[in-house]
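Each chain is listed here by its residues.
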Amino acid sequence: MPTFIKRILGLVIVVFLLVAVNAWMGREGLFGFGLPYYYAEILNLTGISIILAVSLNLITGFTGQFSIGHAGFMAVGAYASVFMTVYYSDSAEQWLTSLLGATLAQSLVFLGVIIVGALVAALAGLVVGIPSLRLRGDYLAIVTLGFAEIIRIVILNIDRVGGATGFRGRVPPWDGRLIIPAYANFIWIGGFAIITIVVVYNIVNSDVGRALISIREDELASEAMGVNTTRYKVIAFVISSSFAGIAGALFGHFRQFLHTNDFQFIRSIEIIIMIVLGGMGSITGAVLGAIVITILPELLRKLPGDLYGYRLVIYSALLILIMLTRPQGVMGAKEFGISWLKRAQRRPEGDKPIGEKGVPIAQQSTSPNLDQPKEIEHR
Amino acid sequence: MKRTLLALLLITTLFVSFACERRGGVTNGGGSGPILVGYYGDLSGRTSSFGQSTKNGVEMAADEINKAGGIDGRQIQIITEDDQGEPNKAATVVTKLINQDRVAALLGEVASSNSLAAAPKAQEAKVPMISPSSTNPAVTQVGDYIFRVCFIDPFQGEVMAKFSANNLKAKRAAILYDFNSDYSRGLYQFFKRSFESQGGQIVSEQSYTQGDRDFSGQLTAIRAANPDVIYVPGYYGEIGVISNQTKQLGIKAPLLGGDGWDAPQLWDLGGASLNGNYISNHYSVDDPSPAIQKFVADYKARYNILPDALAALGYDSMKVLADAIKRAGTTENVKLRDAIAQTKNFPGVTGQITIDKDRNAVKPAVVLKLQNSKFVYETTISPEGSSEPVATNN
Amino acid sequence: MDTFVQQLINGLNIGAIYALIALGYTMVYGILRLINFAHGDVYMVGAFAGYFLALSLGLAAAPSFLSLGIVLVGSMLIAAVVGVIIERFAYRPVRKYSRMTTLIMAIGVSLLIENLFVAQIGAAPRAFPDFLGSQSQLPYRLFGNAAISKAQIVIFLVSVALMVLLQWIVYKTKVGTAMRAVSFNLNSAKLMGINTDAIISLTFGIGSALAAAGGVLTAQYNPNIDPLMGILTGLKAFVAAVLGGIGNIPGAVLGGLLIGAAETFVVGYGHHIGIASTYRDAVAFAILILVLLIRPSGLLGSTVQEKV
Numbered sequence: 001m002p003t004f005i006k007r008i009l010g011l012v013i014v015v016f017l018l019v020a021v022n023a024w025m026g027r028e029g030l031f032g033f034g035l036p037y038y039y040a041e042i043l044n045l046t047g048i049s050i051i052l053a054v055s056l057n058l059i060t061g062f063t064g065q066f067s068i069g070h071a072g073f074m075a076v077g078a079y080a081s082v083f084m085t086v087y088y089s090d091s092a093e094q095w096l097t098s099l100l101g102a103t104l105a106q107s108l109v110f111l112g113v114i115i116v117g118a119l120v121a122a123l124a125g126l127v128v129g130i131p132s133l134r135l136r137g138d139y140l141a142i143v144t145l146g147f148a149e150i151i152r153i154v155i156l157n158i159d160r161v162g163g164a165t166g167f168r169g170r171v172p173p174w175d176g177r178l179i180i181p182a183y184a185n186f187i188w189i190g191g192f193a194i195i196t197i198v199v200v201y202n203i204v205n206s207d208v209g210r211a212l213i214s215i216r217e218d219e220l221a222s223e224a225m226g227v228n229t230t231r232y233k234v235i236a237f238v239i240s241s242s243f244a245g246i247a248g249a250l251f252g253h254f255r256q257f258l259h260t261n262d263f264q265f266i267r268s269i270e271i272i273i274m275i276v277l278g279g280m281g282s283i284t285g286a287v288l289g290a291i292v293i294t295i296l297p298e299l300l301r302k303l304p305g306d307l308y309g310y311r312l313v314i315y316s317a318l319l320i321l322i323m324l325t326r327p328q329g330v331m332g333a334k335e336f337g338i339s340w341l342k343r344a345q346r347r348p349e350g351d352k353p354i355g356e357k358g359v360p361i362a363q364q365s366t367s368p369n370l371d372q373p374k375e376i377e378h379r
Numbered sequence: 001m002k003r004t005l006l007a008l009l010l011i012t013t014l015f016v017s018f019a020c021e022r023r024g025g026v027t028n029g030g031g032s033g034p035i036l037v038g039y040y041g042d043l044s045g046r047t048s049s050f051g052q053s054t055k056n057g058v059e060m061a062a063d064e065i066n067k068a069g070g071i072d073g074r075q076i077q078i079i080t081e082d083d084q085g086e087p088n089k090a091a092t093v094v095t096k097l098i099n100q101d102r103v104a105a106l107l108g109e110v111a112s113s114n115s116l117a118a119a120p121k122a123q124e125a126k127v128p129m130i131s132p133s134s135t136n137p138a139v140t141q142v143g144d145y146i147f148r149v150c151f152i153d154p155f156q157g158e159v160m161a162k163f164s165a166n167n168l169k170a171k172r173a174a175i176l177y178d179f180n181s182d183y184s185r186g187l188y189q190f191f192k193r194s195f196e197s198q199g200g201q202i203v204s205e206q207s208y209t210q211g212d213r214d215f216s217g218q219l220t221a222i223r224a225a226n227p228d229v230i231y232v233p234g235y236y237g238e239i240g241v242i243s244n245q246t247k248q249l250g251i252k253a254p255l256l257g258g259d260g261w262d263a264p265q266l267w268d269l270g271g272a273s274l275n276g277n278y279i280s281n282h283y284s285v286d287d288p289s290p291a292i293q294k295f296v297a298d299y300k301a302r303y304n305i306l307p308d309a310l311a312a313l314g315y316d317s318m319k320v321l322a323d324a325i326k327r328a329g330t331t332e333n334v335k336l337r338d339a340i341a342q343t344k345n346f347p348g349v350t351g352q353i354t355i356d357k358d359r360n361a362v363k364p365a366v367v368l369k370l371q372n373s374k375f376v377y378e379t380t381i382s383p384e385g386s387s388e389p390v391a392t393n394n
Numbered sequence: 001m002d003t004f005v006q007q008l009i010n011g012l013n014i015g016a017i018y019a020l021i022a023l024g025y026t027m028v029y030g031i032l033r034l035i036n037f038a039h040g041d042v043y044m045v046g047a048f049a050g051y052f053l054a055l056s057l058g059l060a061a062a063p064s065f066l067s068l069g070i071v072l073v074g075s076m077l078i079a080a081v082v083g084v085i086i087e088r089f090a091y092r093p094v095r096k097y098s099r100m101t102t103l104i105m106a107i108g109v110s111l112l113i114e115n116l117f118v119a120q121i122g123a124a125p126r127a128f129p130d131f132l133g134s135q136s137q138l139p140y141r142l143f144g145n146a147a148i149s150k151a152q153i154v155i156f157l158v159s160v161a162l163m164v165l166l167q168w169i170v171y172k173t174k175v176g177t178a179m180r181a182v183s184f185n186l187n188s189a190k191l192m193g194i195n196t197d198a199i200i201s202l203t204f205g206i207g208s209a210l211a212a213a214g215g216v217l218t219a220q221y222n223p224n225i226d227p228l229m230g231i232l233t234g235l236k237a238f239v240a241a242v243l244g245g246i247g248n249i250p251g252a253v254l255g256g257l258l259i260g261a262a263e264t265f266v267v268g269y270g271h272h273i274g275i276a277s278t279y280r281d282a283v284a285f286a287i288l289i290l291v292l293l294i295r296p297s298g299l300l301g302s303t304v305q306e307k308v
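Residue numbers (our numbering), protein chains in the order written: chain D, 1 to 379; chain P, 1 to 394; chain B, 1 to 308.
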């Protein structure tokens, strides 16, 4: 238990450090240093993608449960937190400003609404997860898809959050903020990307992580070994959803405009492609996938006229090609780092190191059985 | 942990390498090179037919200007970016057009939601943006660099409400709108308000979403309410079918629509069932005026298809911009903004365009009757004074 | 009363289309345990195959039952070939991997088909030729205001005929027996000397042909076809298959009809029970979640015990 408390404490310290650094640097954040806006933009979007991909990897890559509604949870977090900012944060911010000054007050308010976004998304994850995670794997895929669609339609029905026009601030009656404040900058987004990576890394390398991986490898055997599979699946799913909610909250306060068209089915697919590309069950792989998938479409804009029209075709053909040649993803379940490079030098054949010093056990057993032919089950 | 750290280091390096390019000025002020104009729209998503039409109109206008010697000897160069119909991508591509390509002005988007996402970027960088066809009032409220050359929803909704109350003597109206489109919802809302203030009654309100295959459920419910007219402020893709299914259900009440109906494909989809319906529009393809006939003929020759309203608006947005650049004598942003704002009685294809103090286009609307695959001119309804300031987000 | 009957006719009509598409989902799932995401796009491909076939053969100018028949059969054949190609080159190579891999592959194929069509022919809607002339002709009046159009009658009759034909193939022919054997246990079927690869190809072919029939028939009622038309319809048909009990053929038909009717009744009568008609598209998915909560195996499905 003490480690648990220590970790929570560590997290709290990191978050407040973030708040302090942000307050010190002011609204422009890192971009005070002269980064071109376009690159700054892509950088921020990449950070948000990293949070989404790494968190989805926890449920899909490590636990083996296929969710295709991650954008739905992102939407829940985004709308919930922006709703709070627009309609309920005014007085809190004024009061805090009188105590602490404007920048620190803003940071604290933002932290507050991010937590709201995370909690609401976690709640949504719980509601969706409990029924579907009792069932066989692919039901989760269908239910998450349906859930994301329902969320979209519900949002379109709420005029207070802009309906089909999109949410950019208060809506008559004129209370609350006129436009969504641009709270999110790269300190927040980058900071939360790091927090996500660290949290998921620690979960995967804990006893919970081992239980999750055992579920992915063989759910029935895992259950037979006394793992409460439904409980662990729900835990993983709720954590994953709450990080999607955080990503949504950051996105809303970065973009200052929310519209359901940004949270459609295709967005969920994009996040899946990130972890498929990077490798399911690899944190660094997910990070790599998030970077490539966010930057690649921007690079493809440079394609000449004719090819430009076909870039989405190339994009989907690429996905098929990866699945045909390396269904476990480019990275597979491997993490990469200095030691990985060293090992790659020593063993060009690339056979698996087992029990090597400094390599966490969980890392060795994270290889999903994707690369081995799996017998189609009997029924 | 070491690995995670290394991964983070790698990302940071990547980001820093990104940061190595310099940030420069914003506009391509004077100079004698080509005038760069950014166009952004949906070229590959669900609404890509709208984005493509607008792009055709913009490019044709730019070519005409260039063939006639450009603006003060400078050629216009259009830089096109695809936003896939997603607001988030619209904001990103506009950031690119402004900061990487250094465009002097922006043209786009069709959908108000995409314009609303992108407009703050243009406003922040102080680059003038003209939306060809975003009709939601909120778009130009973003700031003093954002303009449009189309109607706003309140005006067009009001036009049809007046027409049905005064000319068609309708007392009971039903509405069938596209739930997913803020254009359709805007027209619906303002039609309803105006129709009720004229003493009419809305007897049924039904909705669909773009891509629906069947509307008979909604239409059957509407039939049960027995309306005099049915207002269907949607896009042409669904209208042909709605019109057809209306007749199939034996509903006699005419359908009323807006400029979203105007596309050559409408006649293929709806056929004879469209006869006797009315729309409000900017102009009529069958208008005998030489300017319009020349536009229609040139467009037909160039793209082998008749222009729809979006193509005409795209064309006009480019022409209005070119006119303003010419009058300003520069592409410097403040002067260009002021020149666009001073646009008065510009003879566009879609009518005489005057930009009002809210940076919206003020121009009369025509009501057209649909008859034998043609839009037949019925009447013109002019805006009353200056449009009342509409402050709404919906 | 006539409004109620009319809504019932509307609901069953759209439901018949859902059912035709749901059959393909359910057959493939029954055999491979694969949610074939590309199936909605095969439905779209079928509609476009019919469209281009009608244009190239000049049939659009000669509207008759015969022309419709030729286009229907032609597009069914083309779609069947497309389905078999998808199976052979995309699904078969990854069949031996986990379900997640095949599911992602299915999504990839679906995106590829959609993007290819948008890039090649554009997203603008096209008008499918009206072979029955029913769009310019008033429907047959039943009683009061309730009426049924020629297209609706044809859709219903052809759908029922195709479903009966499918039922006959699956239960009365040798091939059907093989299909059921493969669905029951792929490895045992292989040991019994059944060419399982051929049977799987055949299943994809039949499912795709049925989807294409749905595409051509619905285009008789609604001539608007575009490259993205399969997404929403496909999803709802899939929900219909789950509702009826995925893997179960009569269940898919029942599910399709129920989803179609439920959507129409929410539009017509939803406001009486506090559901705005704007929630219509959410109905199918809400039903799906309810079914999974109460009876995960669907209405007609049998509970499958997973073996170790």
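These aren't lab readings, by the way, just hints derived from the structure by calculation.
Just so you know, these numbers come straight off a predicted model, no measurement behind them.
The beta carbon of each residue, even a glycine, is placed where N, CA and C say it ideally should be.
Do not take every clue at face value.
[What the hints assert, rightly or not] Calculated Cβ distances over 12 Å to all of chain D for the following chain P residues:
1) Q141
2) K252
3) G271
4) N275
[Claimed, not checked] Quick list of simulated restraints, FRET-style, between CB atoms:
5) D:L299 - P:Q371: 46 to 54 Å
6) B:P250 - P:N372: 46 to 54 Å
7) P:N304 - D:L299: 51 to 59 Å
[To be verified] Far from chain P, by Cβ distances over 10 Å, these chain B residues were calculated:
8) M163
9) Y221
10) I231
Now for the hints, and whether the structure bears them out:
no.	hint	result
1	Q141	10 Å, violated
2	K252	31 Å, holds
3	G271	30 Å, holds
4	N275	31 Å, holds
5	D:L299 - P:Q371: 46 to 54 Å	51 Å, holds
6	B:P250 - P:N372: 46 to 54 Å	48 Å, holds
7	P:N304 - D:L299: 51 to 59 Å	34 Å, violated
8	M163	20 Å, holds
9	Y221	7 Å, violated
10	I231	7 Å, violated
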